[in-house]
Amino acid sequence: MSRSVPPRLLAACAAAALAAGLFAAPAAQAEPGPAVTAPTVLPGTYLDGGPTDGCTATGTPGWVGAGHPGPELSARTTAPAARFKVWDGTGAKVLDTTADTDALGGVRTALTGLPDGAGYTWQVWPQDRPGSGAPTETCRFGIDTAAPTGLAVRSDDFPAQGGTAYATDTGVFAFSATDTGSGVACFRYVLDGTLGVGADCAPRQGVAAAGADGTASVALRPGSWGSHELRVEAVDHAGRVSQTVHYSFYARSNPNPPKALGDVDNDGVPDILLPDSHGNLLVISGASATATPTTVVPAIWAPIGGSWTGLQVLHKGWSLAGSPADTVYVHDLGGSYLYQYLNQGRLPLGVQSPQLVSHPSGCVDTAFNPVDCLSDLSSGFADARQLVAFGPTDPAVPNGITLLDVEQGDLWLQNDPSWFGATSTRLTTGGAWNGYDLVAPGPDAAGDLALWSREQSTGVLRAHAVPKLADGSYDFSGLADPAAGTVLGTFPAADYPVLGSSGDLDGDGRPDLYAVTADRHLIAYHGATAPQDRGPLA
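Residue numbers for the sequence shown, in mature numbering (1 follows the signal peptide of the UniProt record, and there is no 0): -30 to -1, 1 to 508.
Just to be clear, a hint being listed does not mean it is correct.
[Stated by the list, open to error] Pair by pair, the computed Cβ-Cβ distance ranges are:
1) Ala416 - Thr214: 50 to 56 Å
2) Glu199 - Ala453: 51 to 57 Å
3) Ala453 - Gly196: 48 to 54 Å
[Claimed, not checked] List of simulated lysine to any residue pairs, SDA-like, C-alpha gap at most 25 Å:
4) Lys63 - Ala104
5) Lys55 - Gly87
6) Lys229 - Gly133
7) Lys438 - Pro324
8) Lys63 - Ala51
9) Lys229 - Pro437
10) Lys63 - Glu42
11) Lys55 - Asp23
12) Lys55 - Thr79
13) Lys229 - Ser197
14) Lys438 - Thr398
15) Lys55 - Gly120
16) Lys438 - Pro462
17) Lys63 - Gly83
18) Lys229 - Thr264
19) Lys229 - Arg78
20) Lys229 - Ser443
21) Lys55 - Ser197
22) Lys229 - Val367
23) Lys438 - Ala454
24) Lys438 - Gln322
25) Lys438 - Ser427
26) Lys229 - Ala454
27) Lys229 - Val215
28) Lys63 - Gly20
29) Lys438 - Asp465
30) Lys229 - Thr106
31) Lys63 - Leu84
32) Lys63 - Ala80
33) Lys55 - Gly133
34) Lys229 - Val266
35) Lys63 - Thr150
36) Lys63 - Ala73
37) Lys63 - Gly87
38) Lys55 - Leu81
39) Lys229 - Thr79
40) Lys55 - Pro4
It should be emphasised that the hints constitute simulated quantities derived from the structure, not laboratory data. Built from N, CA and C at the ideal position, the CB exists for glycine as well.
Let's have the full structure, built from the sequences with the hints guiding it.
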């Protein structure tokens, strides 16, 4: 991985080397003699959390710091001793000493008390007889033992006192710090959580790269009303971490929060949830033109297995216990339970522990007449296949959550599984729905629902209408035969292993399809046509 070297470090090292004449060719009269190899600064030089090699003219000089009291210089030689010379950033010699070679051919000397600064250079000569060997190449390093200071957090949108912004608003938070040594590399931050241990500045959620002036800004949405705390640390290029700043602010409750089925992060826009190649869960805004996520939920926060890969993640509507963003359900295929994340307006995955939801124990038909449940209902959701968030079906709960699945070849509705006494509604009796992938697009602008099905053997995608009736109920008769729907297109499973829908992504009143290709590109559609490649998933 390439890393940019702070200009102050490169410039200081070059100036010191020139001042000391270290890049001059060896004297013509030098005779071959014992060699010195493997010059190394112990415990190592580092830049932005990674080791560096500053012992070649084209190498990357790094910093000694991160709590070490001082560097130790090391090399290997066949001579009985070696001579170490060190120069500071002005070219002044700060060390000239000889050390004996140990039984394994190693030679080393400790450095203590060197002041912080860039531009230290050093070489090692074999000590056998005068002029008996060439020195090592020039090595370079800087010393930074001081952590960043003066860390400050400020927000005009969510000030520490007297804020008027709503919890559903996005605010800009500005960070600044000072580091006269290696310079500020990044800021690590977390909203209403605990900062992890370490000094890693690798780009990811919760890390903001610092500019040359030691500042950065991030946009954050509190999500839930009430008091919030933003914790921030500054990290310099040597890996030194500042004291944590705790920035507290208040976010008001929005009396008219944005609402959209398919929205998990409370910005009023449906979201696409997909795992990346490392098992993290990507939250991608439906309004985005790219596959870049707005949020990445770490793999370790998955409710089971330490990865989101292979889990069914469902969202389209919310239970009465959580609003105004989607309740999220997670199911491990073959597992008995659903994991339920009640969403109070801020994406809860990993922030809170999920609730376990069992399968409804009562069964009815579409006229709400009692019917026999499946014989092995005691296995919970273990027999559920193609589990999707269908959309609201209860006229009294227009944004409610209803799940739909295939159990023993038939379609079943699970009405808000978070309710005590919820029922399971049998929609079909022919046992014909095995061998189909289900996509639930949600309601259109008129409130009509639909189910899309892909025949796994052919890739044919069909739409099955579920129109809304005058009394607010729905007509499920169009689901009787999976082969009788309206053909929307062909999406072979080998080419499009994932098909899904989070509702109306483009605001035209029609639900939209999305797909993931075999080479992991995210494709978004207008309805089920006009594909747009948003680019590769992480």
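Each hint, compared with the structure:
Here the CB-CB span from Ala416 to Thr214 is close to 52 Å, well matched to the stated 50 to 56 Å. The hinted window of 51 to 57 Å between Glu199 and Ala453 holds, with their beta carbons roughly 56 Å apart. Hint check: Ala453 to Gly196, Cβ distance near 52 Å, so the stated range 48 to 54 Å holds. Taken as a hint, the Lys63 and Ala104 pair is honoured in the structure, with Cα atoms around 19 Å apart against an allowance of 25 Å.
For a cut-off of 25 Å, the pair hint linking Lys55 to Gly87 stands: about 17 Å separates their Cα positions. A hinted pair counts as satisfied when its Cα atoms are at most 25 Å apart, and Lys229 with Gly133 qualifies at roughly 23 Å. With a C-alpha separation of about 33 Å, the suggested pair Lys438 and Pro324 falls outside the 25 Å cut-off, and the hint is violated. Of the supplied pair hints, the one linking Lys63 and Ala51 holds, its CA atoms being roughly 20 Å apart against a limit of 25 Å.
For the given pair, Lys229 sits about 22 Å from Pro437 by alpha-carbon distance, which is consistent with the 25 Å threshold. Of the pairs offered as hints, the one joining Lys63 and Glu42 holds, with about 17 Å between alpha carbons and a cut-off of 25 Å not exceeded. Of the supplied pair hints, the one linking Lys55 and Asp23 holds, its CA atoms being roughly 18 Å apart against a limit of 25 Å. Taking the CA atoms of Lys55 and Thr79, the gap is about 10 Å. The hint holds against a cut of 25 Å.
With a C-alpha separation of about 22 Å, the suggested pair Lys229 and Ser197 falls inside the 25 Å cut-off, and the hint holds. At most 25 Å may separate the alpha-carbon atoms for a hinted pair to count; Lys438 and Thr398 meet this at roughly 18 Å. With a C-alpha separation of about 36 Å, the suggested pairing of Lys55 with Gly120 is violated against the 25 Å cut-off. Proposed proximity of Lys438 and Pro462 is contradicted: the alpha carbons are some 31 Å apart, above 25 Å.
Note on Lys63 and Gly83: the hinted pairing holds, with a Cα-Cα distance of about 14 Å set against a maximum of 25 Å. Annotation: proposed proximity of Lys229 to Thr264 holds, straight-line Cα distance about 18 Å (limit 25 Å). Of the supplied pair hints, the one linking Lys229 and Arg78 is violated, its CA atoms being roughly 67 Å apart against a limit of 25 Å. About 22 Å separates the Cα atoms of Lys229 and Ser443, which keeps this hinted pair within 25 Å; it holds.
The suggested pairing of Lys55 with Ser197 is violated, with an alpha-carbon distance near 57 Å, which exceeds 25 Å. Taking the CA atoms of Lys229 and Val367, the gap is near 14 Å; set against the 25 Å cutoff, the hint holds. This hinted pair checks out: Lys438 and Ala454 have alpha carbons roughly 19 Å apart, not beyond 25 Å. With a C-alpha separation of about 36 Å, the suggested pairing of Lys438 with Gln322 is violated against the 25 Å cut-off.
For the proposed pair Lys438 and Ser427, the alpha carbon gap of about 31 Å is over 25 Å, so the pair is violated. Of the supplied pair hints, the one linking Lys229 and Ala454 is violated, its CA atoms being roughly 34 Å apart against a limit of 25 Å. Proximity of Lys229 to Val215 is assessed by CA-CA distance (about 34 Å); at most 25 Å being required, the pair is judged violated. As the CA atoms of Lys63 and Gly20 are separated by approximately 29 Å, the hinted pair breaks the 25 Å bound.
Among the hinted pairs, Lys438 with Asp465 is inconsistent with the structure: their alpha-carbon atoms are about 34 Å apart, more than 25 Å. Taking the CA atoms of Lys229 and Thr106, the gap is near 67 Å; set against the 25 Å cutoff, the hint is violated. Proposed proximity of Lys63 and Leu84 is supported: the alpha carbons are some 12 Å apart, at most 25 Å. Using a Cα cut-off of 25 Å, the hinted pair Lys63 and Ala80 holds, with the two alpha carbons roughly 16 Å apart.
Between Lys55 and Gly133, the direct Cα distance comes to roughly 59 Å. Violation of the 25 Å bound is thereby established for this hinted pair. A C-alpha spacing of about 22 Å is found between Lys229 and Val266, which places the hinted pair at or below 25 Å, so the restraint holds. With a CA separation close to 23 Å, the supplied pair Lys63 and Thr150 stays within the 25 Å bound. Restraint check for Lys63 and Ala73: the C-alpha separation of about 29 Å exceeds 25 Å, so the hint is violated.
Restraint check for Lys63 and Gly87: the C-alpha separation of about 15 Å stays at or below 25 Å, so the hint holds. With a C-alpha separation of about 11 Å, the suggested pairing of Lys55 with Leu81 holds against the 25 Å cut-off. With a C-alpha separation of about 66 Å, the suggested pair Lys229 and Thr79 falls outside the 25 Å cut-off, and the hint is violated. A hinted pair counts as satisfied when its Cα atoms are at most 25 Å apart, and Lys55 with Pro4 qualifies at roughly 18 Å.
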